[in-house]
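Using the hints provided, position chains A, V and F relative to the given structure of chain U.
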Amino acid sequence: MPSFVFGAVVVFLLANLAVGLLRLAWGPNAADRVLSVQLFGTTLVAVVLLLGRVWQEPWFDVLALVLAFLAAFPALSYNRRVPTRSEERHRDSL
Amino acid sequence: MILDWLVVVLLVILSLTILLARDLFWVVASFITFGLVLTLAWSSLQAPDLALAEAAIGGGLMTLFLIDSLGFSDPEQTSSAGGFPITKLQGLTALGSMIVAVPLLRAFWAGGAVSPGLGPLVEQKIELSGVEHPVSAVLLNFRFFDTWFEMTVILLAIVALQTLRGRTPRGDSLPSGQSDQVLTWFARLLSPVLILFSVYLLWRGKHAPGGAFQSGVVLGAALSVLALTGYQDFLLRSPVVSRLVVTLGVVGFSGAGLFPLVLGGELAELPSGWAGDTILIVETMAALSTGMSIPYLLVALQVPKDKVQCEERTS
Amino acid sequence: MTVSEFFTIASLILGCFFFLAGTVGLLRLPDTLCRLHALTKADNLGLGFIVFALILQSQSVLESLRLLVIWLAALLTSSTASYLIGRHTLLSRDRKDSHL
Amino acid sequence: MSSSALFGGTGIIIFLVGLLGTFSLPHLLKKIVCINVMGSGVFLVLAAVGNKDVGATNDPVPQAMILTGIVVAMASSVFALALARQIAHRSGFWLLPEDREKL
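First to last, the sequence lines map onto chains U, A, V and F.
Here the first sequence is numbered in this note's numbering, starting from 86 and rising by one per residue.
Here the second sequence is numbered in this note's numbering, starting from -9 and rising by one per residue.
Here the third sequence is numbered in this note's numbering, starting from 185 and rising by one per residue.
Here the fourth sequence is numbered in this note's numbering, starting from 75 and rising by one per residue.
These aren't lab readings, by the way, just hints derived from the structure by calculation.
It is possible that some hints are incorrect.
[Unchecked claim] Chain F is faced by these chain A residues, among others (derived, beta-carbon under 8 Å):
id	residue
1	Met(-9)
2	Val2
3	Asp39
4	Gln80
5	Thr83
6	Ala150
7	Ile185
8	Leu186
9	Leu270
[Said to hold, decoys possible] Okay, the calculated bits of chain U under chain A, using three or more residues with CB under 8 Å as the criterion:
id	stretch
10	119 to 133
11	136 to 148
12	153 to 161
Here the structure is a predicted model, which means the values were calculated and not measured.
Heads up, the beta-carbon is just placed ideally off N, CA and C, and yes, glycines get one too.
If we strip away everything but chain U, and leave its shape as in the complex, we get (with noise of 0.2 Å):
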């Protein structure tokens, strides 16, 4: 397989990226960013699993494997904010 091949996935993933910028500045709320940031974190998982091809450099897995773990932590810190007294009565009625 040629590595242009790759490395044109990357260029489209990378510019995929740029775009989604869009949905980081419109927001409106802070779940959208966080969502975003989530839509980054995947595409930056494929970036560097093919980026690891085209360079043949085998720790690029290792890198792929710590961001594809850590990808959580965005929702995770987010939903710990303090819930508000609505969203407490909600959730006690669950």
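Same frame as chain U, now just chains A, V and F:
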């Protein structure tokens, strides 16, 4: 090359976003993305250790600290205190930094005399260091002092935070998040794997990218996941032991640094035959203490609310 | 072109398509929960197809397993993250100041 | 242009953007984030100088120093965040006292 340009453009856009954005969450989300893209920059510069550390800190742990602080701030203020009010002083600063930028960039791109750097020297002496990976050799042998005082800085940060926080009725625990089946299972699945992975990174550091700090940071991520999902036993069961683990890094480095003095050598001159073993022990201690430090930093960040409760109790 | 090369390119294109769909969905869909739906497609299928393409090109069984583990890790974290965001959105939907 | 020259130049620009933010944004959280951005700029310059196409080999010394720097920057940012939260809690604003007087 196209890739480098894309990464550079993304980095500059994101830093400008951080400068100009009004919404606080936008700033923080841009900063997280900035950290993620920076990982690619390190990869492109062939600095795998930096990429690993940046992925774990910029993409993971800083998120935790920053969003935790955001949850504390109230919404009205977030929107009002944004803006970009340009006073005379700030205008001058902007002008000044642009004036500084031109010669800096010129100097950087002019190139000129290129020194060979310290790379060849490290390559030449690496057999004496006891490890095979050059970055680990520099970190734990040739520039032992840097890492020694790095551990001290982390410990000092925790001591300072604990002092700020004072004694609290609930000890070293996080205000419990919502306990929840999905989160519980997530923690049960993820944290053992993460801990195993951190041990792998530690072992790898001897001959390949990886090592005490990357390992410690991943361990810290595992422990924070546990603390955030309600498994706080490792903090609460025996607080003295957990605090001792936090100090392990400084203890290990001080021991390895001072011991050669007893044998009649120089300060921090690792004994040549035993360097490899000493480094392994010191690295393990450093990784454990870095890992334990991170939930402590997170706990100690919860200053004001605990303070309120304390003040209410005393009055 | 061999069969495995054909499948590799096909699945790379599919992966790119799902990432594109995820981004377009993130930009065009009207509210947070809809966007969450778009995102999960990119997370699971986009990354899945790209990992599949790489597995087809991998040199050893160990490398294939490693890639599979990375995909599974991404699945675990992204599904938990989606659940958390979805629940948080749902719980705070009746709030007036959903700004933060 | 080699990739290390590219990243080094970007490092300088990012440093200056962060510097500008640190001075001009009154919000303490933004100040802390901007200081971190500034630090990343410095790290980029340092890594670019130690890169293969500037020196003879990939220099591990700057890399080890940056690694130390990343961890120290994290610890000190957390400390700064705690101080900022203390200020925010006591005064009700994420602002330094000097900036509050201007409100």
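- [ ] Determine which of the earlier numbered hints do not hold for this structure and return their numbers in increasing order.
- [x] 7, 8, 9
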